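Protein chains in written order, with the working numbering: chain A, 73 to 630; chain B, 73 to 630.
Just so you know, these hints were derived from the structure itself, not from any lab. Treat each hint with caution, since some may be false.
Only pairs whose alpha carbons sit at most 35 Å apart, straight line, appear in this in silico DSBU-like list of lysine-lysine [to be verified]:
| id | chain 1 | residue 1 | chain 2 | residue 2 |
| --- | --- | --- | --- | --- |
| 1 | B | Lys-385 | A | Lys-268 |
| 2 | B | Lys-402 | A | Lys-494 |
| 3 | B | Lys-552 | A | Lys-552 |
| 4 | B | Lys-552 | A | Lys-533 |
| 5 | B | Lys-78 | A | Lys-402 |
| 6 | A | Lys-494 | A | Lys-145 |
| 7 | B | Lys-455 | B | Lys-438 |
| 8 | B | Lys-533 | A | Lys-533 |
| 9 | B | Lys-262 | B | Lys-78 |
| 10 | B | Lys-262 | B | Lys-455 |
| 11 | A | Lys-78 | B | Lys-533 |
Given the structure is predicted, the values throughout are model-derived calculations rather than measurements.
Number of protein chains: 2
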Amino acid sequence: MAEEEKNYIDVPDQGLFFVPLGGVGEIGMNFYLYACDGSWIAVDCGVGFAGDRFPGIDMLMPDPAFAEKIAPKLKGMIVTHAHEDHIGAVASFWPLLRCPVFVSAFAAEMLEARLDESGLLGRVDIHLFEPGDLLELFPFEIESVAMNHSIPESCSLLIKTPYGALFHTGDWRFDAAPVIGAPVDLKTIKTLKNEKIMALIGDSTNVFVEGDIPSETDVKEALTELFADYKDRRLIVTCFASNVGRIESIAEAAEKNGRTVCLLGRSLWRVEGAGRAAGYFRGINVFLTEEEAAECDPGSILYLCTGCQGEPKAALSNISYGTGPVKPVKGDVVVFSSRVIPGNEQAIANIQNRFISKGIEIVTGKDALVHVSGHCGRRDMEKLYTFLKPKTAVPVHGEAAHLYEHADLARACGVQNAVILKDGDVLRLDTSVPEIIGEVQTGILARDRKQIIPLNAGILKQRRRMIDDGTVVATVVLDKTGNLVGDVQFSAVGLIAANDPVLSQMNAAVQLELSGLSGADRRENDQAVFDTVKAAVRHVVMETHGRRPLVDVHLVRI
Amino acid sequence: MAEEEKNYIDVPDQGLFFVPLGGVGEIGMNFYLYACDGSWIAVDCGVGFAGDRFPGIDMLMPDPAFAEKIAPKLKGMIVTHAHEDHIGAVASFWPLLRCPVFVSAFAAEMLEARLDESGLLGRVDIHLFEPGDLLELFPFEIESVAMNHSIPESCSLLIKTPYGALFHTGDWRFDAAPVIGAPVDLKTIKTLKNEKIMALIGDSTNVFVEGDIPSETDVKEALTELFADYKDRRLIVTCFASNVGRIESIAEAAEKNGRTVCLLGRSLWRVEGAGRAAGYFRGINVFLTEEEAAECDPGSILYLCTGCQGEPKAALSNISYGTGPVKPVKGDVVVFSSRVIPGNEQAIANIQNRFISKGIEIVTGKDALVHVSGHCGRRDMEKLYTFLKPKTAVPVHGEAAHLYEHADLARACGVQNAVILKDGDVLRLDTSVPEIIGEVQTGILARDRKQIIPLNAGILKQRRRMIDDGTVVATVVLDKTGNLVGDVQFSAVGLIAANDPVLSQMNAAVQLELSGLSGADRRENDQAVFDTVKAAVRHVVMETHGRRPLVDVHLVRI
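Construct all of the structure, not just a fragment, from the sequences and the given hints.
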């Protein structure tokens, strides 16, 4: 895509504005700003998964440049829950923003572990902000409203301003029988309509899901029945590590069937630690380590593993290969208590196929109720619009397809305005009809291990070319008369094997082509030497390997 | 995975054997061998798609080593149809096998285009072998049985031998109203049971698909109705390029709605050429080129594009970005007359989201009957087993999950034996119960542009490490006294930008560490110099970039 010259605006000092920096147009990287009369608050600060698009990159982040610009006016950041796509960038961006952070107890535990890794523990001003709490960040007054989701203590925010109230849903669903927390208090929700909600800024993830979504307790019961069917066989179960409620469900279902749970995988243990510190896993047996489980017989144990998305280095993948201490054997049963995140289909299928070809049974959501989503489907969304009667709907947390569908749904529910935004848009909310008044700087950054770089960084382009075209580095030594000294040294990592005869072909080609340069050029004209060497190398590699490599020349003049 | 030492067997000179070299345990790379009393035939010779697993690799192929070994006894190769996963490796492997190739007229056209690209046209002994034909390749007698599939002239093979008959299905379904060819002749199929079929070697692709699969004519009618709903709007349709019947359906539906079809994308034009040469597209208007279509108004044209799987350089992707001559505008309609191949979900969603955010409507199989599969679902499979009553089922054309499910289905249909194989297994078929007697060499090769290399080749491992860890090439010049001359030159393509100050840090680190070596080591011990430079570079890059790169040192001694 051509890079356009953007005209960024300044957000006016009067009025009420919503500025998403991430999360609109993608699922992930949630990072939202609200401005009221020159004061700002941030809601969530998450990362996104890079998938396979960017070689060597596993995490993406929204560009924080605009947030940094308004940082002096930022009264605080509120995190709605502890999923990585809502909390994962706090440690990276806090040094730029330096505002107080408001989170629930469980999210605080998760966040502190991350801050510790970044050497920021104790420096960030973390405040507990629990469902039901009220928070004054003048001129904002924010109420945390408990919602159900696939992680503890998820909340929506009722954001009151002098211009009126907003409802920011965060990730949510109505669960009549959750395993953790209480069902959403519908009575309270219904009274919120008296606040005359101007706009609902809401989760679009499951807008294509029709019908009722079963409760987490239904899953627990289904798991209990399922495990009973596999007495004496070894059970290997995988789920999302952050789903504390599911871990409890699995553990309770296991215990009812006389099994103890052994956790496999670092992120499960991390969540276990944060969960216990925040008061979860009460009344559940202590989880076993791998070593402890090795002593038990197959029918008395349940292995709960990371890797439900087919992650190549997670516990489940190791088991499927037989490279870990838990060796898969015929008769074992592997249960995927999880969904397939789009893009991971083949990775998951590969693991399942490895198990199946060892005579191991696979159980997924197609076979039994072993998973439910933590996001609202259409029915819940319709209910919420009916309860709250907002004047405007602003779909977030979705790709374009989700946002457009959510807007249609909101209109069908009688919502007057449904506004489709993109990241960086500035939406004015204090006018009778909300209006996009311009945009601010936004973009996507990549976490390249210790560095954070723009997605259009030269090294990422080079990395792609390295794969598509290959690279060759040639070291050429020329003496004072411009004659080549010794052989040219080549490195062509990932392109040409060290014993490939093409290397001597390249050497001969460089010699030949350099001999075609004038003596003066060879003695003094570095650029001419570079160009000649590059052309000779490329020509040979194109002929033999069908690739046109990036060529770097190290010229040594002696 | 640990590499095991394999004990390969020789296939006995007496008896009847089935040896799959590719296609069992994966969807793709179909390459099957049959041996009878020391004479061999091959069925299909296809490629597989590499997905994202192997950087820089787009095509995979079965290892032909064993086929090469028995090539002198290979009487011929029969290709069941022209899909790449059945025909795509013929041009690569023919020089090793040099046997006659038997194909239908359409497949011959497609194959000849490929042979032409490989400089083999005219050298390969191609024979037409049409549905209904009988072929004698002693001791085999092979009958081609017309089946329905998503490409013209797909056939099953009835393979008669002195030991009894085998039925190799190829890719197939029963379509009561195909657009190309006739419905499968069930009367003929039913009489085949008199052949006393020992084994059915059959397609497993859609073994998880329940219920009746609509016919291709149903799709044509649905498309005709659909197009009528979008009068005056520009229609952009995408489908699999090789699906000649679908192209005809789309063209007929377009013509009934007063539209002419413009083809966009090389592979569609290639199929159009092969199709016309083999007698298809009769009675359909000549397809327009992009230039001709540009003259027409939106309501009179239908753009038929490549790229239904989200391929980044195909026509549909170009349109979605607006980088091609066809600029997408609000009101356009994009129809995906195709399915989603697992692994391509996100790439397709990305294209759809780009269109949606431009106000363009997307129509997929979820909205209308715009696609049907060319593979048999469970019902067709059950019918075939009932008609043919084979003694043994050998599921092929599937991942492990498909093969196991197919075996269960066959047993439920009363088939005595269902045998799960893996590529390379040698299945003896002339015994009362088929038996795996051992295995022959097999494996997967990668097409790395002009080279064909094993999947465990060093350069592929390096290519992965280049992405995960990065590479640095350092050129170090030492004089006779062992002193460093000038600055160290670095190339760290895809890892460190040319202006990154870390380069001078690396230079300083190398200088410092080399000065710690003894003068003798610096003067004479190349290995000590290499190790010192590598360690210094790795240390700096680990600190600054969090990666531990591959380091190559070019040492110049002057």
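Structure-based check of all given hints:
1. Proposed proximity of B:Lys-385 and A:Lys-268 is contradicted: the alpha carbons are some 50 Å apart, above 35 Å.
2. Taking the CA atoms of B:Lys-402 and A:Lys-494, the gap is about 17 Å. The hint holds against a cut of 35 Å.
3. Annotation: proposed proximity of B:Lys-552 to A:Lys-552 holds, straight-line Cα distance about 18 Å (limit 35 Å).
4. Taking the CA atoms of B:Lys-552 and A:Lys-533, the gap is near 40 Å; set against the 35 Å cutoff, the hint is violated.
5. In summary, the hint linking B:Lys-78 to A:Lys-402 is supported, as the alpha carbons are separated by about 22 Å, within the 35 Å threshold.
6. Straight-line distance between C-alpha atoms of A:Lys-494 and A:Lys-145 comes to about 23 Å, which keeps the hinted pair within the 35 Å bound.
7. Between B:Lys-455 and B:Lys-438 the alpha-carbon distance is near 28 Å, which keeps this suggested pair within the 35 Å criterion.
8. For a cut-off of 35 Å, the pair hint linking B:Lys-533 to A:Lys-533 stands: about 20 Å separates their Cα positions.
9. With a CA separation close to 42 Å, the supplied pair B:Lys-262 and B:Lys-78 exceeds the 35 Å bound.
10. The straight-line distance between the Cα atoms of B:Lys-262 and B:Lys-455 is roughly 10 Å, inside the 35 Å bound, and the hint therefore holds.
11. Only pairs whose Cα atoms come within 35 Å are accepted, and A:Lys-78 paired with B:Lys-533 is rejected, the gap being roughly 42 Å.
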